[in-house]
Each structure stands twice: as C-alpha cells, then as structure tokens.
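Student: My request is simple: use the sequences and hints to build the entire structure.
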Amino acid sequence: MGTDPARDLVTQTVLYNRLVGVCREMGTTMMRTAYSPIFSESRDFSCVLFDREGRMLAQTEFCPAQVGAIRFVVKWLIAELGEDAMKPGDVIVHNDPYRGGVHMPEHVVIKPVYYDGELFGYVANIAHLVEIGGMAVGGFAATATEVYQEGLRLPPVWLIREGEYNHDVWRVIMSNHRAPRYSWGDLHAMIASLTVAERRCHELLDAFGLETVRQVSSALMDHAERWMRNEIRSIPDGEYEFADHMEDARDPPARDWIRLRLIVNDGEIVADFTESDPQAAHVLNCTYGVTASGVYNAIFHFADNDVPHNDGAYRPITVIARPGSIVNVIHPGASVGGNTETHPRIWGIVMGALAQAVPDRVSAATGGTSCNFLFGGTHPDSGHYYVHYHFDGVGWGGRAAADGNSHQVVPNGNCPATPVEIFETRYPFMARAYRLRTDSGGAGTQRGGLGSDRILEVRAPSITVSALFDRMVSRPWGLYGGHTGDPSRLLVRPAGTPTFQTFGEAFGTNSNSRIANIELREGDEVLIGSPGGGGYGAPEQRDPEHVLRDVREGFVSVLAARDVYRVVLDEIDGQLLIDGAGTEALRGALAHDSGLERIARDPLRPSADAQPPQGGRWERLTGDWWQTDVTNCEFCGQVIPSDIWRAGDGHQFCSPDCDARYRTYWLPRYGQRTDARVQ
Amino acid sequence: MGRDGAVLGVRIGIDTGGTFTDLVVMDEASGQVDVVKLPSTPDLPSRAILAALEQAGIDPANATYLVLGTTVAVNALLQRRGARVIYITTEGFEDVPFLQRVDRKFHYDLDWERPLPLVARRDCLGTQERINYRGETVTPLTSDGIENLVGAIRERLADAEVEPADVAIALNFLFSFVRPDHEANVREALTEAFPKIPISASHEVAPIWREYERASTTIADAAVKPLLSRFIGALDYGLRERGFTRSWSVMKSNGGQMLAETAGERPVQTVLSGLSGGIIAGQAFGAEAGASNVITFDMGGTSTDVGVVADNRIRYTTAWEIEFGLPVAAPFIEMTTMGAGGGSIARVNKGGLLQVGPQSAGAVPGPACYAQGGQEATVTDANVVLGRLNPYNFLGGDLPLDADLAFKAIERTAREVGIPPVDAALAVVEIAVENIAEAMRLLTVQRGLDPRVFSLVAFGGAGPLHAAAIARVIGTRATLIPPHPGLCSAFGTLLADIRVDKTWTHLVRSDAPDLAELDSRLNALVQEAVADLGREGFGGEAAIRRSANMRYLGQNYEEEIPIPDGALTQGTWQRLIDGFEQHYEAEYGYRISNEVIEVVQLNVSAVGEASKPQLSTLPERPPTAARAQRRVYFDSREPAACPIYERGDLSPADVIQGPAVIEELDSTTLVHPGQTLTVGPRGLASLVWA
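Residue numbers (this note's numbering), protein chains in the order written: chain P, 1 to 679; chain V, 1001 to 1690.
Not one of these hints is a red herring.
EDC-like mimics (lysine to aspartate or glutamate), calculated; alpha carbons at most 20 Å apart, straight line: (1) Lys1105/V to Asp306/P; (2) Lys1105/V to Asp304/P; (3) Lys1612/V to Glu1288/V; (4) Lys1502/V to Glu1334/V; (5) Lys87/P to Asp116/P; (6) Lys1105/V to Glu1321/V; (7) Lys1105/V to Glu25/P; (8) Lys1196/V to Glu1155/V; (9) Lys1502/V to Asp1532/V.
In short, the hints are calculated from the structure, not lab data.
Tutor: What follows is the structure, encoded as structure tokens:
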C-alpha cells in the first residue's frame, strides 16, 4: 500500500467494499430476524453508514425509494439533537415526514458508534413498519387529508438509552399500533441490524484505524462526486421541461400537476419543481426526501452503476421543491402515498425531460403505481390480529433497444413480491389466479412490458381492505409514436354475484383508486390489475418476427397484431406464419419517421442584473421543547434542523450557497416568492 | 483399501468440461498418478471419456472406483440447450415462471432485460386442482381434469414450432410440499400416457415453500434430464463393453457423490458436479501446504470458477441461479462462475473499449491459434503472442498451436483500438485478470474476509498462467500450483465423500411439540439418507449430521441449529431450543424471552467417508536446469529472455527465480520477474513474491 492511504486506490476500493459490506450485513440481519414479510420477503428497507458529520459513507438500499431521503433524514436528526445528546448504547427512532422522513410508515432507527470513546459515526436503518395506527389498517390511510389520520407520528425519541430500554416510549408505540407484535418484532430486527453493524464497524476500525477510515472516506466521497459529474457530462447541457400528474379516479377525475424544469449544465443538474401544483388535501403529497429520491433515482439510471453511492455522488444534483407544494409537503399535510405513487411519477418526469436530451437512453413511462393493497383482520385459525401491505409488479416502458420488462416492481422499489404460498399461509386470502394480461403492454417498435392480474378470494368471515392506486384513468405514456400502456384496475366481485365491479359500484366509494376500510366478506373476490408500460417508437415499425413471437407466446393478440402493429398473420396447418405481402400492403402507406428528436435550450446563466447576496449571519433555531414544527430553506425547500442562514433582507436559507442561488437563479426567473412560508 | 473394502486396484477420476475431458488414474498402492487430457466431444461427451480411458492404457476391469464430474448439465442450462419443457401447474398460475419475483437485478439500470424462464409460455398448462396451505382440497383433481390435461399435452406436442425435439415434463402444483398426492397422481397418469417422456415432480425435486423457486428448480431438473440420462447411459454402456464391472458414481453439487444409475433421476443435484471436485481438491492441496484459508481458482477454456475455503470449511448454499431470477434450489458448494477462460473472446465494444468475455470460442472452433476456423482473438491467442504459451508444447504437443493465426487475430483487435499488437495482447490478459480478481473480491472482501490471509490454489489449464498476476491484484499470500493443475477437478473426484442431504418441511411450535412424531420423522430421514447412501455405493458407517431450521414464531427466515445427539426427548428438545436462543443472541444481540419458537424444517446429512488416496513423494534429485529459453513479454513491450523448465523435472531441491515458465502436459505456470517458485515433497509448487 502507498504512503498516503487516502490516495491509495486499493485501500479505497477495499474500504469502500468493506463499508458496503457492513450495510449489506445489516440488511441480511434485518431480513433474517424480521416478522413481516415486507422485510423478509420484500426487503422494504435500507441500511446506511454515516460519518460523524452525518455524511453518508455507504449504503445498501434494498429499496431505491429511500435513496435520497436517507441522506437527509440522519443528517437532519443529528443536527437537530446535537452530537452531545447521544451516548454509547443509544438507539433513536423517528418517522416524522416533515423531518426528512419518507412517509409515516417508514421508521428510521439510528445508533451512534463510538471507538475508543470517540464518536466515529452512525449506523442507521430505515424500514417500512406494516402497521402504525391511524384511520386505516396497514398504515396506509388512502383517504387521509392530514397527518393525524395517518398513524402515530414520532419525533426523534430514544428507544434505548445507554443500553437500557426506554419503556415509556415503547409503551406509547405499542398502544397506538394495531398489531404491536409485528412492530415489536420488526423494531427489534432493525435494532439487531444496528448491533451487527456496530460490531462490524469496530472490526473495520481495528483493521484500518480511525484516522485512515476518515481520510479514505473523505477521499471516497470526493471520488464519487468527480465520477458523478463526469457521468452527468454525458448528457448535453440544456434546459428540459416535462410535466405529468397524479390522479384520483373519481367522476370527474381529479388531477394534481407536477412540473419540472431540469437544467443540465457542465456536470451539474438542477431539478426545479417550482411551478408544480400546491400541496393537496390527500395522501399523494411528497416529502422533500421523496421528491429528491425520485430525482436521484432517475439520474442514477444515467450514470455508471459502479459510482459509489455515498454523499459525494449526490453533490452535483440540486432539487428545488417549494414548501407547501405537492412536491414538499408541510404540516399538517398527508403524504403516505407520495413514496409509493408520486415517486415513480417524478422518476418518469425526469425520464420524460431527458428524453429530449438523450432519446436513446430513456424509456417510455413505466406502469407507475405500486398498486397498494392493504388488509387486516383477525385470522380465523389463530385468533390473532394480522395486517399486510401488498404491492404488485407493473409493465415497464419500451426502450430504444429492447421491449419493456413485464410485471416488474416500480422504479422506487426493488422488492421481490410475496410468494402466493407464503401469502396464503399467513393471511386468509386465497389466490385464485395470478397471470400476465395480454395486450396490456403499450404497442411500439419496442413494446411496453405487460401488467398482471391477480384474483384473491376472502377465506375468513371478514377482512378490512384499503387501497391506493394511480394510472387508473391516465394511461402510462409512450414515446416517439409508441402507444400508451394499459391502465391499472381494482375490482371486486361480491360473493354470489356474477361480475367484477369497481369499488364505487359495489360499495359506493367516491373514488375507485383511493379506498379505505371497506369490509369484505367470505367468498368476495378482489381483482388487482397492474398497468402495462408505454411503447417506444411506432408499432407499425416493429419487426414482424417479434410481433409473431409475441402472438405465439400470448403477449399480443392476433387482433392487435393486425390492427395496431399492422402485421398480417395466417394460420397454416395449425401454425402461425407472417403474411409478408399482406403486411407490406397494410404497412406500406405509413410514413417512416423515427419521431426521435432532441429538444434543448441553453441552460440559463446567471442574469446580469442578478442581485448579489446582501450579507447575512448564522442563527441558532430556538423553540419550546415540545414544538415539533420545522423550518424550511426558502430556496431549495429542505428542512433546516438547527442552524439558519439569515440573509441580510431577512430570508432564511439552509446555507449561504442557497442564498446566492436564490438571487442568481430564482429571483430573476420567478420574482419575489409569495407563498405563506415567507414572513 | 477401496471403499467397498475391496482389494487395491486403480481409481479413476473423470472430469468432463465444455472444452476438455480429463482423466486421472491413481494406483491405490503406490499413489502413482497417470493423467490424460483430450478435447471434449460435446455432441457425445462419453466418446472423449472412453477415448481417454483407452489412451491411459488401463484395463477398466481393474478399476475399483470410478467417479465422474461433469459440466454437461450446467452448460446445457447456461446455454439454454436443455430439453423443451412442458410445465404443468395449478390452473390460474400458469404464468408463475414468467411472473417470477418482480425484482430487478440492478437498482439503476434501464438496459437490463429480465431473463425468460427455460420454458415457452404456450407450453405452460393449467390443471383443475387446488390444495390449500393446510393441505386441504379446495378443488379436487378429477379424472376428467387429467384427461383434459393429457389432451392438452398431446396438442402441444403436435406443435412443431417449439424446438428442440427432446421433451420433458415439469409438474408443480401449489402447496405440493404440504400434500403431494395431486402431483403424484398426475405423474402416474402422465407416465402411463407418455411413457417415453421423463417427468420431474416438484415435491420430489425441491419440496420447498415458495412456488416460483420450486417451479424454476423443477423446470431446470426436467430440462437436463434427457440429456444427462442419455450421457450416463452411453458412458455406462461403453464402460461395460470394455469390461468394467463395478458400479460407478457421479459428483453431486454438494461435493458428495452418488451412484450413476440414480443421478439420471434427479439431475438437478448434479448441476454443479463439475465444479465441486475442484474445490475439494483445492482444500486438500491447501491443507498440504498448511493453509486453512484458500481461494480456489479454476480457469479452463470457457469459464473460471472461484471458491472460498475459510478456516478449512467449505460453505454450502441452496441459492444458485442459472442467471439472475432463475433460481435452482438444491444443495450446492458455494462458488462463483464467470465467463473468463482461455477461449474468452476479446472484442471492442460500442464505447471503443476492449472487453474480454463472457463469450467464448469454446472447444470448436476454439481460439484462432487452434486453426479450426476461429477468427476472433482470445485470451489463449494473447498468451501465445506474448510468448507465455509454447505453441509446440500445448497439451504435450498433441494440439500444436498456430502462432501465426494467433498473431493475426490479435493484430486485428489491436488495429480496432489503435495500439501495437503486443500492447493489445497485454491488455487482453490484464482485463481477464482484473475481471477474475473482482469476482474474488466479491467472495472475500465483501464478506469481511481479508484476502491477505488467503492462499490462492490455481488450477485448470489456464489457472497457473494467470495466477501470479491475480495474486498481485488482490494481495493473496502464496500461490499454490498442484501437480497436474489441468486435472485438479478430476483429482478432486477421487477425494469426494458420498453425501446425501434430506429435508422435511413441517411447522412445529415449541409450546406444543409432538416429540414422538418428530423423533420418528427424524429417524425416518436418517434411515432414508443411510439407505440412499447404500444405494449410492457406501457400505460403511455413515457420519450423520442432524439439524433443524428454527425461528421465532412469526418470522420468515430460519437459523440452522444442530440437533443434539440421541433420541428426541424432552431433554434434547430443551437443549435444541436453548441452542437456538444462544445462537440468536450471539448473532443478533438479543433474545425474545417467552416467545414461541418454531421449527420449520428438519435436515439430515449422511456422509460416507471415502478413503483419501495420497500422491507419491518425489524422488530426491539435484536442482534441475532449464530445458530451453525463449522471449516472453511480461508487463512491458520489451520481452525478457526467459528460461523454460519442465514441471516433471522439478523437485524440492529447486528454487526458481522469475522470470521463468514451467511447462507440463496440461498447463503452463508463469513465474513473473520478482517471484520465487519452490516445490513441496509431493510436487505441490508454491509461488511467492520476493
């Protein structure tokens, strides 16, 4: 090894792999000790290692939903509590969406790690607890309008203080969750993962020494930042705009628009959501962490997978999200669906914007809903209360070089589905069918992936269900002449009736995509239909051989082959064959335009008349101990946990940097901001 | 003594890979070894084996012991060359092989394409039947249903759109592991209706919870059944014809061996057959050099296999995947296989970067220098250009290489990237080395194992040629080169024990255990395992390992805890429970007092230890001299004048300083400048950096 370990690439590689290894082992521990299939089967959690300053050293996100949020949540928590508040053996929990959280079910536990009496850093685990109280079972109140309906909100509190259980806090949690047994078991699985991680950190520090680890970590973050900037440089500079919306499948459908201006400029990206709709009185609002996660998640798709995902990799990306808008919820707005539904939409919006810059590196829209289906009740076998959070795979969008994958988890997740046999053994819902849906993928030169249908039959006197879907009305978009994918659906067939109906038809709910606390009876059947992906390029240009293969395998019907793809198939001796002449005739009239185009405008440079920062000073936030409200940066929208940068003209920012950008970028473009947050 | 207590004779170990077929013959009395290496004959793998036997000049009638390791099954799966599988399942769940588990291989890769299962969607057929999680019949299986199914299968068989002609049936009904009778009944009916089509039933192949993993494993089993049965049948016929009278065995993926006649019935157990011999041999050679931490590095013509032995323990797993998302759940020795071998093709990718592998030129056409029509540059061609391989002494001169063709192929690649040919050859080798080193890092560093306390055991035809460079990259200690490195896997088959693994999945709560039932189940498993051991050729006293997979009630993953010896009484049960809680607390830092503990699965392994033969010691002799000298390129464009030694000349008296090349029939060892090579009493060579 070299004399300067920080420069020694081998040490860097070994240490980085070791750090990631610590996180991975946390994850394995979590999986092996958890109670809920959502951890053990679906791995809906992330494990992260932070340095003393709260900078992310390494992570294994088993679920990309948390990829951005974890960066903030621990940093803010440390800043708010202060390093001195923590002692060896402490474990702190919190799930406050306004403090960098993702949504209420997502709980963060962190543990400070000391080495020879000195604080080294923190190990943290963020995970989805399956039941947290509130107005609906399964911690997923699809019809909530404010946070108080969404479950038990915990500001940062000590679960364990210097190795001793803080029983008061545990008792509060256990008496507010509907299935305390699960919460107890899963919180312990999270704590166990921290214990293992702490042990591994000590081994690592024994092997390398505290100083080397610090130096190399710092070098690793700089290395990741440089690498990420280079990756971003492969995208042409410019300003790209795209907008899409969230929906409520009621009559008439309601829509909330998210508008993005994406600025790519010499290795940096600014994702500006300033012109998005205001915060809504429903659950599809995003926390800042969710919005940032959606952006990071999409951008990472354009970068080498080997870029270390530490703090440095995030530095070139800035997210501007106005507090009080659909992309940065403030108290007391609801947000439980932001993480599962709005995140994939933000991902798609970034993809749509970049389609103008790098058309051959993007995909058409993915199915873009998690098909959240929650249920709970008393299990007839055991008499115990159970709850479950179910999601499904969707079709992904077609790409320049390949069809979209079928029945694949939304981009914000990477969780394996719970197997039918585990599902049925644990819960009194019996699967009757589980299959791909023919023609559900958007037609295109490259076809969108297929969605799926799943039919579940109630096998208990009663089960209480809730659901949150999207893309039920607005179909996933295609690109460059590709068709839209099939929408999602959620239907019910009450026992003894012949056909499937919407929940509105069967139970009179206002919405067909957001329902809460509907009681189903023995023999009722639910059909969960996930959306297909959008197509890429005009279907008439798809290789007829691929159309034939799709028809043979039942991915596309003969009818769609002829009417949409314009491929004529003949059946001769029981074999399907392409009628070349017929296909030629049917396709001949069509113009061959690839539809691919690059649209870019020069990124806006700071304007000449921009006002320079007018000086300012750091202020320490003060407040009563019981206050749980937070302050946001007026430029980027992030939470300011403890230290405010107070500009000369009274505006408040998280840093002088945001102050400067507010004056050079934001003011010339949007003028003085007027939202309620500015005093 | 032979394993049956028979008189001393010769032992034969065979390893048939995608490129070469290796034969090791060992005299049980003297420890003398003879080896043969021939190109494989993938179309009819037994032909090369029988030819090798002939070339070895032994009379099969004298053989006391014959074990075969083979990559026939795994190559068929990897290259999707198995049989056409017709998949029969519960109606409504025909798409399970396509639906898979919805997760992606990479979080952030838009280009990734989900692998399709080894079955066509139109060959997935549903049957009216349904058993629930408690083993109760929800929808009965009727004779009408079976008749419809038979009709549907006939219809599918008439459809000639699907290749290939080989057909096998995979059965997988929901909850077959709880109650197998629907599956068993359908199998019986289908055996009658289609007597020539082999059938794999999930409750036998992989009686595990999780329908997709069971489906994928059963489909893999069915896909390779016709191929493997045919291969074993042909070899058996050939052996009998040559006077071989005993029973012979096939290596299993779990590192044990099983009788050949049973191997064809459950091919999924032999998927990694060809790989487990290598790691067993690697462990043995490591032990000979006093190393209990060993990375085994087996580089052949098409691929490289890396295994880890930590603290003298081989790790086992049931999580092997053909590729991401296509699991095969059977007991395996844990290892990593990657597409980096002598035949790996060097190509310039779209970004203008040179890539090596995973495509391989295989045995036919092979590298350009084989002069069999191969045009693309391979790792072997690069080594010929660099002077590292002797074109006239490859396989002892049996397969002379055409250095001119190697140079032309490398030159074409070099022109594409715009560098001189020697630089291109160096780059091809270096990229292959880096790729392999990265795989080793994943197996060690990422698990918190420090490669610096490991020794590298390098074998396979191409292993010793690249080992020193890899050791330098990942920083392992000594590099060990066994005698006959090209035949190490075959040698490992001579060291394999006979091993049977049995499991029984059933949920038992610690607050209400039926100990009498459990005890009788456990005994039944032991008896089945011992009986199988007998069937697989072991007659002695088996070593039995019993364990239980346990968890706290409500959890989904289990810890494997050894079951204390003796009958399952209240006392042993309590010790088992205590064992779980102690293990849990040690592993995770807490225990859950007063929580019910669940036993999910009982496991029994029966191991019949085979007697381990030992290589003979080398005779004493004075230090040897180089046989020749030639120009060899190491790390620079300037070649070094490099002495060439013959491996067979070396003895413990030799201390060879690099640069040097050691040649032998089946491999070539490269000693870099700055390295020293020494030889142990039984011929194990050791390379260290000065």
